[in-house]
Structure formats: structure tokens, C-alpha cells
Amino acid sequence: MMLSFIKFIRQLMLVFYGVYVWIIFASLAIPVFIILILTPGRLGRRLVARWSAKLLFLFIGTPIHLKGAQLLPTSNSIIVANHASYLDGIILTATLPPNFTFLIKQEMAVFPFIGLLLKCIGSEFVDRKKNLQRSNVARRLFRAAEQGDSLAFFPEGTFTCQPGLRRFHMGAFKAAGRSKLQIVPIVISGSRDKLPANSWLCKPGKISVKICHPIDSKLHNSAQDLAQKTRIAMLRSLNEPDLETNNGKRILNKP
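First residue of the sequence shown: 1, per the working numbering; consecutive thereafter.
In short, the hints are calculated from the structure, not lab data.
Since the structure is predicted, the reported quantities are computational estimates derived from the model, not experimental observations.
It is possible that part of the hints are untrue.
As the list claims (entries may be wrong) - Once the Cα atoms are required to be at most 20 Å apart in a straight line, the calculated DMTMM-like pairs of lysine to aspartate or glutamate come out as:
hint : residue 1 : residue 2
1    : LYS229    : ASP216
2    : LYS174    : GLU146
3    : LYS180    : ASP216
4    : LYS218    : GLU124
5    : LYS180    : ASP193
6    : LYS180    : ASP149
7    : LYS229    : ASP242
8    : LYS194    : GLU240
9    : LYS194    : ASP127
10   : LYS180    : ASP225
11   : LYS203    : ASP193
12   : LYS174    : GLU156
13   : LYS229    : GLU244
14   : LYS119    : ASP149
15   : LYS180    : ASP127
16   : LYS229    : GLU240
17   : LYS7      : ASP193
18   : LYS218    : ASP242
19   : LYS174    : GLU124
20   : LYS105    : GLU156
21   : LYS174    : GLU240
22   : LYS218    : ASP127
23   : LYS174    : ASP149
24   : LYS229    : GLU156
25   : LYS203    : ASP216
26   : LYS210    : ASP242
27   : LYS67     : ASP225
28   : LYS174    : ASP193
29   : LYS174    : ASP127
30   : LYS206    : ASP216
31   : LYS229    : ASP193
32   : LYS210    : GLU156
33   : LYS206    : GLU240
Said to hold, decoys possible - Computed Cβ-Cβ distance ranges for the label pairs, DEER-style:
hint : residue 1 : residue 2 : range
34   : ARG140    : LEU55     : 28 to 34 Å
35   : ARG140    : CYS161    : 28 to 34 Å
36   : GLN224    : LEU71     : 44 to 50 Å
37   : TYR20     : ARG140    : 36 to 42 Å
38   : ASN198    : ARG140    : 31 to 37 Å
39   : LYS218    : ILE34     : 40 to 46 Å
40   : GLN11     : LYS119    : 36 to 42 Å
Beta carbons are placed, not taken as given, at the ideal position from N, Cα and C, and that holds for glycine.
Taking the hints into account, I'd like the entire structure generated from these sequences.
Structure follows, in C-alpha cells:
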């Protein structure tokens, strides 16, 4: 009886926490959106978004533990991160410099309120089922890279409740090969547990972001080789299985 009561209290506290997170999010979202509209220039809007994301995680009691910040190149580059939760974009917004353009799946463009926020900071949306749109977005991203912008991709394209690194789409690696920019693998840990794909309520938990050593795209002959090198680097820091090539077995750290 006592154990059932304790379990009930714990579940109730989880619900309260999840509702609290939504209250904080809503309280920040409206004034932030107004400030974004009034702020001139994409860089200024991205700075507003960055500090707003930091405030969100501060207010919900989830500081982001950043590792390897010194490895992020000072010149423009291509970020490639694993994707586990709707929180991932906000996490990278809070941790990356404001010169990154995010490539995001088209579904997020119509997501209530968040879609507008993403458009305000210059994110690019792509529908992978439409080849013409993909080509147009690719051209815009190449031009942005040539003008000194950095790019950020979630090459898995989507996420589920199942832990693991899914198959990569090749867009980020083709972009790196064409632009000759370095690829910087990033591993996000904790976001899948904090906001699972099958839930709209956040849970308490820690989040960490690890920036891995940059990979020189000039040293690889194909996008596939570059993708595999990136995948191995990410799996070494990700405590989840490789869902594509390793039958659910985690690749362990190697010297």
C-alpha cells in the first residue's frame, strides 16, 4: 500500500514538472517572439534566440553540460548532431554560436508557434520527398556557406523512442564535400529521456552536449566515407547502439 502511494506521488510530481515546463515555455515564448520581430538583422535575432534558450533550460532546472567547446572551429563549419527529441534544436540554439543556419524537416515549419520562431532566426526547412525543394534548399545553403555562414544538420532526419543512431541522410556530407568545410560531430545525451517522442511532458533529467574533433572533408573521397567517419566518431561518445550497421551493438571507445 505504501509503495503504491509513493509511486502515485512520484507520478504526480512528474506531471507537475511537465506542466511547469510548458508554463515556463509559454511565458517565455510570447515576449521572445515579440522581441524577435522587433530585432533587426538575422544575427541579432539569433542572439535573442540563444539567450532565450539558455533561460528556458535555467528556469526548468536543466543546465546544459557542454564538453569540448574549444574544439569548435572559429571559421565556418558544418555541425552534424544526433537527433533524439524535439528539444535538440533548442539545445543546439543554446550552445552554438549564432552564426549557424539549421536545416530542419518541413513538418516543423507548421508546428504551432515554434515554426514561426525558427523562421525568424533564418532556419531552412526541407521536405525530403520533394526533390525540387531539396535542390533549392541545397543551393541556398551552399551560398550561405560561401558567405561565411555555418550549417547545422540532424542527418538522421527524425527520431523515435528507440535509443540508437539511425541511418544518415547524405545532405550534410555532400554539402561538406562541395564546400570543403570541416564537419564537427556533436553528441547530445539526455534529451530522449527528458522529452521522449511519445510524450508532450518533459521529465527531470540532465542534458549534455559533447563537441567531437572536427573532420577534414578534404581528406575523404566521397560523402559516404565522410558519413561513416562521422558516424564512428559520434558512436564513440554516444551510449546508444548503431541501428544501421551494428545490429544494436554499441561501438566502444577505441584508442
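Outcome of the hint check:
1. With a C-alpha separation of about 10 Å, the suggested pair LYS229 and ASP216 falls inside the 20 Å cut-off, and the hint holds.
2. As the CA atoms of LYS174 and GLU146 are separated by approximately 15 Å, the hinted pair is consistent with the 20 Å bound.
3. A C-alpha spacing of about 8 Å is found between LYS180 and ASP216, which places the hinted pair at or below 20 Å, so the restraint holds.
4. Restraint check for LYS218 and GLU124: the C-alpha separation of about 25 Å exceeds 20 Å, so the hint is violated.
5. For the proposed pair LYS180 and ASP193, the alpha carbon gap of about 35 Å is over 20 Å, so the pair is violated.
6. Proposed proximity of LYS180 and ASP149 is supported: the alpha carbons are some 13 Å apart, at most 20 Å.
7. A distance of roughly 13 Å separates the Cα atoms of LYS229 and ASP242; the hinted pair therefore holds under the 20 Å criterion.
8. A threshold of 20 Å between alpha carbons decides the hint, and for LYS194 with GLU240 the separation of about 15 Å falls inside it, so the pair holds.
9. For the hint pairing LYS194 with ASP127, the CA-to-CA distance comes to about 27 Å; that exceeds 20 Å, so the pair is violated.
10. Simply put, LYS180 and ASP225 have alpha-carbon atoms about 14 Å apart, close enough for the 20 Å limit, and the pair holds.
11. The suggested pairing of LYS203 with ASP193 holds, with an alpha-carbon distance near 7 Å, which does not exceed 20 Å.
12. Between LYS174 and GLU156 the alpha-carbon distance is near 15 Å, which keeps this suggested pair within the 20 Å criterion.
13. About 14 Å separates the Cα atoms of LYS229 and GLU244, which keeps this hinted pair within 20 Å; it holds.
14. With a CA separation close to 16 Å, the supplied pair LYS119 and ASP149 stays within the 20 Å bound.
15. In summary, the hint linking LYS180 to ASP127 is not supported, as the alpha carbons are separated by about 25 Å, beyond the 20 Å threshold.
16. With a C-alpha separation of about 17 Å, the suggested pair LYS229 and GLU240 falls inside the 20 Å cut-off, and the hint holds.
17. Taking the CA atoms of LYS7 and ASP193, the gap is about 19 Å. The hint holds against a cut of 20 Å.
18. Distance check on the hinted pair: LYS218 and ASP242 sit about 26 Å apart at the alpha-carbon level, beyond 20 Å; violated.
19. For the suggested pair LYS174 and GLU124, the alpha carbons sit about 17 Å apart, so the restraint of at most 20 Å is met.
20. Proximity of LYS105 to GLU156 is assessed by CA-CA distance (about 11 Å); at most 20 Å being required, the pair is judged to hold.
21. Only pairs whose Cα atoms come within 20 Å are accepted, and LYS174 paired with GLU240 is rejected, the gap being roughly 26 Å.
22. The straight-line distance between the Cα atoms of LYS218 and ASP127 is roughly 29 Å, outside the 20 Å bound, and the hint therefore fails.
23. For the suggested pair LYS174 and ASP149, the alpha carbons sit about 16 Å apart, so the restraint of at most 20 Å is met.
24. Taking the CA atoms of LYS229 and GLU156, the gap is near 15 Å; set against the 20 Å cutoff, the hint holds.
25. With a CA separation close to 38 Å, the supplied pair LYS203 and ASP216 exceeds the 20 Å bound.
26. Taking the CA atoms of LYS210 and ASP242, the gap is about 18 Å. The hint holds against a cut of 20 Å.
27. Straight-line distance between C-alpha atoms of LYS67 and ASP225 comes to about 26 Å, which puts the hinted pair past the 20 Å bound.
28. This hinted pair does not check out: LYS174 and ASP193 have alpha carbons roughly 31 Å apart, beyond 20 Å.
29. This hinted pair checks out: LYS174 and ASP127 have alpha carbons roughly 17 Å apart, not beyond 20 Å.
30. Distance check on the hinted pair: LYS206 and ASP216 sit about 31 Å apart at the alpha-carbon level, beyond 20 Å; violated.
31. For the given pair, LYS229 sits about 27 Å from ASP193 by alpha-carbon distance, which is inconsistent with the 20 Å threshold.
32. Our distance criterion of 20 Å between C-alpha atoms is met by LYS210 and GLU156, whose separation comes to about 18 Å.
33. Between LYS206 and GLU240, the direct Cα distance comes to roughly 16 Å. Compliance with the 20 Å bound is thereby established for this hinted pair.
34. Range check, ARG140 to LEU55: Cβ separation about 30 Å, and the 28 to 34 Å hint holds.
35. Between ARG140 and CYS161 the C-beta distance comes to about 33 Å, which sits within the given range of 28 to 34 Å.
36. Roughly 24 Å separates the CB atoms of GLN224 and LEU71, a value that falls outside the hinted 44 to 50 Å.
37. In this structure the supplied range 36 to 42 Å holds for TYR20 paired with ARG140, their Cβ-Cβ distance being about 39 Å.
38. For the hinted restraint 31 to 37 Å between ASN198 and ARG140, the CB-CB distance of approximately 34 Å keeps it satisfied.
39. Separated by about 44 Å at the C-beta atoms, LYS218 and ILE34 satisfy the suggested range of 40 to 46 Å.
40. Between GLN11 and LYS119 the CB atoms are about 37 Å apart, so this pair conforms to the stated range of 36 to 42 Å.
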